[in-house]
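Colleague: Each chain is listed here by its residues.
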Amino acid sequence: MTFNILSILPILVLAGFGMLVLVVDVMSARKLGEKNLLAYLSLAGIVIAAIVSRNSTATTLFSFNETFTIDNYALFFNILFLLSTGLVILISHSYIKREDINHGEYYALLMFSTIGMMLMASGADLLNIFIGLEVMSISIYILTGFKRSKLISNEASLKYFLLGAFATGFLLYGISLVYGTTGTIDLRQIASFVAGKGGVKDPLLLMGMGLIIVGLGFKVASVPFHAWVPDVYEGAPTAVTAFMSVGPKAAAFAAFMRIFLTAFGSSHYEWQKAIWILAVLTMTVGNVVAISQTNIKRMLAYSSIAHAGYLLVALVAANNMGVSGTLFYLLAYIFMNIGAFAIVIVLSQKGDVGMNIDDYAGLGFKHPMLAIAMTLFMFSMAGIPPMAGFVGKFYIFSAAIKSGYVGLAIIGVINSVISVYYYLRITVIMYMKEPVRDFHPLTISPLIVVAIAIAVVGTLHLGIFPSKVMEIAQRSILTLR
Amino acid sequence: MLNLISLVLLFPLIGTAINGLIGKKLRKETVGYIACGAIGMSFFVAILVFFGLLQLPPESRVFEKQLFNWIESGSFKAAAGLQVDPLSSLMILIITGVGFLIHIYSIGYMHHDKGYHRYFCYLNLFTFSMLLLVLGNNFLLMFIGWEAVGLCSYLLIGFWFEKKSASDAAKKAFIVNRVGDFGFALGIMLIFITFDTIDFTGVFHAASQGNIAVGSFTVTIITLLLFMGATGKSAQIPLYTWLPDAMEGPTPVSALIHAATMVTAGVYMIARCNVLFMLSPFTMTVVACIGAATALFAASIGLVQNDIKRVLAYSTVSQLGYMFLACGVGAFTAGVFHLMTHAFFKALLFLGSGSVIHALSGEQDMRKMGGLKKHIPITYRTFLVGTVAIAGIPPFAGFFSKDEILLEAFVRGNFIYWAVGALAALFTAFYMFRLLIMTFHGKSRVDHHAMEHLHESPKNMTVPLKILAVLALLGGFLGIPGASAINGFLSPVFGEHGHVETHGAEACGSHAACLPYLMMVISTGIAIAGIYLAYLMYIKSPELPKKLAERFSLIYKLLLNKYYIDEIYDALFVNPIKKISLLLWKRVDAQLIDGTVNGVAGFVRGFGSVLRLSQTGYVRNYAFYIVAGCIFIIVFVVFGK
Amino acid sequence: MINYLPILILFIVAVGFAVTNVALSAVLGRQKPGVEKLSPYECGIEPIGSARERFSVKFYLIAMLFVIFDIEVIFLYPWAVAFKSLKVFGFVEMVIFIGILFICYFYIWKRGGLEWD
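If you read the sequences in order, they're chains A, B and C.
Counting in our numbering, the first sequence runs from 17 upward without gaps.
Counting in our numbering, the second sequence runs from 13 upward without gaps.
Counting in our numbering, the third sequence runs from 17 upward without gaps.
Since the hints were made in silico from the structure, they are not lab data.
Cβ coordinates follow ideal geometry from the N, Cα and C atoms, glycine included.
Be aware that a few hints might be false.
Computed, partial: chain A to chain C, Cβ under 8 Å [stated by the list, open to error]: (1) 40; (2) 43; (3) 473.
Selected chain A positions facing chain B (in silico; Cβ < 10 Å) [as the list claims (entries may be wrong)]: (4) 234; (5) 411; (6) 462; (7) 463; (8) 466; (9) 491; (10) 492.
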């Protein structure tokens with residue numbers, strides 16, 4: 017019986033704060049009024065969790081009968097999840113007030129979802145990863161439908177739930193097939209089983225692998241398992257969309273890489289071709305459809321599909337640079353994507369009015385700072401140096417080339433070029449078109465300004481000084497195989 | 013103290029950020045304080061760094077500070093690091109020092125402009141970029157700085173972009189510079205291919221180890237390409253045409269960018285790469301010839317120009333020619349020395365001309381000046397110092413540096429270099445005094461409207477003038493023959509070949525040892541002759557110029573129209589290119605490429621719209637996609653081999 | 017697999033018993049259906065309207081809460097069985113678990129989940 021309380025300390029902290037938020041909320045339902053306290057409480061929880069996960073361990077640690085592990089990889093992702101949740105809380109605070117969904121459960125669910133993500137990144141066996149995935153997903157299903165009085169939000173929630181449950185079925189079936197053929201759900205034991213057989217030959221095991229790809233492919237929103245993304249992203253409250261587009265995606269990639277590099281790392285050739293195709297499809301469909309979008313939330317939804325495609329490229333490459341590049345890219349993506357959503361939130365009005373791309377016309381003159389920040393995020397997502405997105409893409413595509421996937425890298429770069437079109441279109445509209453509407457006086461809460469500032473600094477910092485973070489990322493992936 | 017070097021860069025960057033982001037909301041005074049304060053602090057740190065460097069023994073006066081690795085992938089490594097050595101420390105002193113004075117001057121000069129914060133934002137950004145250019149420890153960083161100063165120059169020349177001439181001039185400067193930058197970029201790539209690194213240390217070390225044969229083809233091509241970059245930035249033949257037009261920018265900008273700092277970047281670059289250039293005698297000859305030719309050519313145009321700033325612009329081109337001449341004969345120290353003194357007196361002259369223009373409410377034509385001596389006495393006196401300095405009268409700064417260049421040209425090069433240089437010096441003395449006389453002496457030709465507003469400039473403009481005048485007066489003593497401080501200081505960078513060792517305490521016994529003193533006498537004589545000619549033609553017998561112009565009307569017209577170079581370029585390059593591009597635009601671009609691109613875009617968009625149709629909104633359809641995808645993947649994974 | 021044989025037998029016996037009884041009563045019993053006999057039995061009171069009505073959502077809420085807490089409590093059984101081998105660790109674990117359960121209960125109560133109106 018190995019049990020180390022330190023290994024799950026961040027999770028415990030988050031769970032504790034989540035419940036605390038719930039209790040504080042119900043105890044003082046009327047009195048709190050603005051409920052600022054809840055937001056600060058949740059932020060405190062995030063910060064404390066981040067501090068304890070930094071200090072929790074220096075070496076790899078297994079716990080709970082070796083089903084749970086804290087290594088540098090998990091730590092990197094823990095910090096990444098906490099960062100994204102923290103930023104989302106910052107941008108949510110004024111948003112949920114504006115949309116009249118200011119309930120304490122919102123923060124609690126964000127934190128519970130984060131717990132699920134951490135479990136996914138730390139799971140050392142398939143079942144733990146699966147439980148993490150469910151904990152994460154269920155919270156998000158609820159968050160998606162958080163605007164209870166809005167039909168579109170309910171619809172999105174239900175769709176997400178149904179399809180999510182459906183995809184979960186595939187994942188679970190895959191896991192059971194893997195268990196059935198290898199006799200274990202422990203990733204390292206699967207790895208030694210596979211290595212002992214000299215690669216995966218058993219068709220049942222292959223099928224299990226394929227089903228796991230489907231289940232996780234749904235979570236990272238890869239084509240053709242992506243159809244839920246635009247509808248759900250559009251229907252969910254914008255702050256939740258921001259959350260969904262970064263945290264769960266990162267968590268799914270964390271699980272993806274841990275499963276496929278640790279357990280199936282030695283039979284790379286069996287799965288890389290399938291992912292190759294997924295990557296190409298995902299990038300292409302995401303970018304191509306994004307071009308014809310007129311609603312910025314939908315556009316960002318497709319762009320997030322496209323980014324998942326780039327990340328799959330790194331998974332295909334599966335070398336050190338690709339995997340550490342993925343970690344780097346996910347971090348960069350948190351900054352630029354949450355930043356972009358923060359701007360979207362600031363500029364929209366109650367009831368999520370003002371989400372059309374044309375509504376951004378003339379922003380450059382009316383609100384130059386916001387426009388500059390938005391331009392920065394768009395440039396970064398398009399991969400223009402010296403923003404973080406460029407460096408991330410650089411690592412990923414050069415990793416693909418290094419592993420011999422020159423064709424894939426070329427497709428990636430072409431896609432990247434296509435994406436420039438719709439990212440820059442926003443910049444063009446902001447600076448070169450006459451405003452079609454009056455920008456109502458914006459009420460910008462200080463918390464969201466902090467979030468935007470962090471996002472700007474992060475985007476620039478990672479773009480100009482990437483090597484330090486890259487070093488950390490490279491150290492983090494050593495325990496994967 | 014050397015570790016502080018990054019602060020030199022940081023301060024202007026902070027200034028840029030503050031003025032760029034919130035400058036609009038700040039009071040004008042605050043904007044000015046921030047901008048000047050940033051450069052002032054930078055200057056202070058530069059001084060500290062300079063003294064830090066002095067404390068080291070001369071042979072180990074190189075300090076590199078690795079800032080960060082940008083991207084590392086395989087053997088390619090893009091790192092950012094700063095290098096402080098005598099050459100770059102001298103350059104940052106000039107840039108921040110002169111830049112500081114010009115910033116202060118700008119507070120007064122730009123006071124009434126509505127783009128005040130924009131101006132200071134650009135000016136700080138320029139200083140940052142220029143510092144980056146000289147401090148970078150590899151070619152990539154230098155190139156980034158090189159491009160960034162080009163950008164700032166573009167922005168500042170076109171600062172009054174409502175004026176068509178200004179925006180045209182800005183475009184011209186940008187485009188002409190692109191030609192040079194193209195060469196520079198190719199040169200850097202070739203360096204990377206040849207040496208497998210772009211770090212200065214690595215490249216120069218490899219080059220000085222004898223891995224590259226003297227005069228080998230590669231190094232000749234590399235240096236020629238680098239020199240091509242230099243001709244663009246430093247306005248040498250054939251790429252000099254943008255600089256006179258660049259005078260459309262505000263006058264302090266002309267002083268800072270187009271006289272004191274940016275245009276000398278080419279000289280700095282060649283001095284920095286002296287190891288490479290010394291390996292290619294052919295390139296050195298080219299550099300020297302182009303330098304000498306430019307010096308004479310631009311000076312001759314300067315003889316007849318009537319716009320006060322244009323005269324100064326041509327004089328700048330000409331003086332830059334001197335610097336290249338010095339580099340071309342291997343006298344890098346002399347070139348850098350002249351770079352420094354030129355920064356002093358030419359900044360002074362430009363600022364002085366700015367003060368004149370300011371006093372006359374924007375008038376730049378010297379034919380509408382005259383007799384200003386008593387109205388703006390401080391400007392006059394400081395301007396006189398600058399003029400004497402550039403004319404080369406001892407003991408003013410220009411004398412020492414120019415004399416050294418002429419001497420080196422004679423000793424290391426040949427008589428022709430010297431003769432061309434001397435003739436250009438004669439021209440210089442003439443046109444500068446012509447300018448002085450036409451502006452300040454004689455009868456006033458100022459129209460009465462401007463006369464009413466005639467006033468001496470405010471203190472924040474005259475104080476920088478005074479300080480620069482002192483520098484122009486005394487700066488030359490740093491390189492006084494026989495006890496040259498600057499020679500000693502720069503010798504670690506340029507090694508043995510930096511300067512001629514004929515100076516010194518040897519008795520004037522032999523013929524060779526006498527030469528320097530003989531040369532001094534001759535060049536002083538030349539300067540005096542030029543001044544006398546100006547006196548003769550513009551004070552004693554003012555009708556003489558007109559007669560001469562009629563007598564030699566062909567030459568006069570040729571000079572007045574700047575040899576028709578702009579027209580020739582227009583006919584040779586610009587118009588054909590325009591025609592070709594028009595053709596390309598109409599036929600190839602609009603029809604072929606746009607057709608293709610639009611076709612592709614249309615296809616992509618159409619494809620997108622088709623794909624959008626798959627987004628039905630029905631869960632059952634989405635579930636079907638999942639199942640279909642799942643079947644596909646399983647089939648692919650299981651049977652896909 | 018042989019270990020599971022008793023379970024299989026039990027399963028067959030259980031299903032068989034039920035099926036047999038239903039089948040026997042259908043075959044052996046005499047059936048004389050009438051209107052009164054076919055109407056639903058509601059404690060002897062006259063039936064009023066169809067039983068297939070929409071229920072208030074509150075029923076579902078209560079039902080769900082019941083199921084959730086019921087299932088949570090089931091964890092107590094295996095814990096009780098293994099109590100001795102789990103020792104203090106197991107005890108602390110279960111205290112924490114019950115504590116969380118209590119917080120949930122408290123939350124639902126305060127939130128009004130148990131109120132009918």
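Colleague: Does each hint hold? Answer for all of them.
Modeller: Each hint tested on the structure:
About 11 Å separates the beta-carbon of residue 40 of chain A from the nearest beta-carbon of chain C, more than 8 Å, and the hint is not met. Among the interface hints, the one on residue 43 of chain A holds; its C-beta lies about 7 Å from the nearest C-beta in chain C, closer than the 8 Å criterion. The beta carbon of residue 473 of chain A comes no nearer than 38 Å to any beta carbon in chain C, farther than 8 Å, and the hint placing it at the interface is violated. Taking 10 Å as the C-beta cut-off, the interface hint given for residue 234 of chain A holds, the closest approach to chain B being about 7 Å.
Given hint, residue 411 of chain A at the interface with chain B, holds; its Cβ is 8 Å from that chain's nearest Cβ, closer than 10 Å. The interface hint given for residue 462 of chain A is broken, as the beta carbon of that residue sits about 17 Å from the closest beta carbon of chain B, more than 10 Å. Checking residue 463 of chain A against chain B: minimum C-beta separation of about 21 Å lies over 10 Å; hint violated. Restraint check, residue 466 of chain A versus chain B: the minimum CB separation of about 17 Å is more than 10 Å; hint violated.
Because the smallest distance between the Cβ of residue 491 of chain A and any Cβ of chain B comes to about 15 Å, over 10 Å, the interface hint for this residue is violated. Against a cut-off of 10 Å between C-beta atoms, the interface hint on residue 492 of chain A is violated, since the closest Cβ of chain B lies about 17 Å away.
Hints 1, 3, 6, 7, 8, 9, 10 from the list above are not met by this structure, while the remaining hints are.
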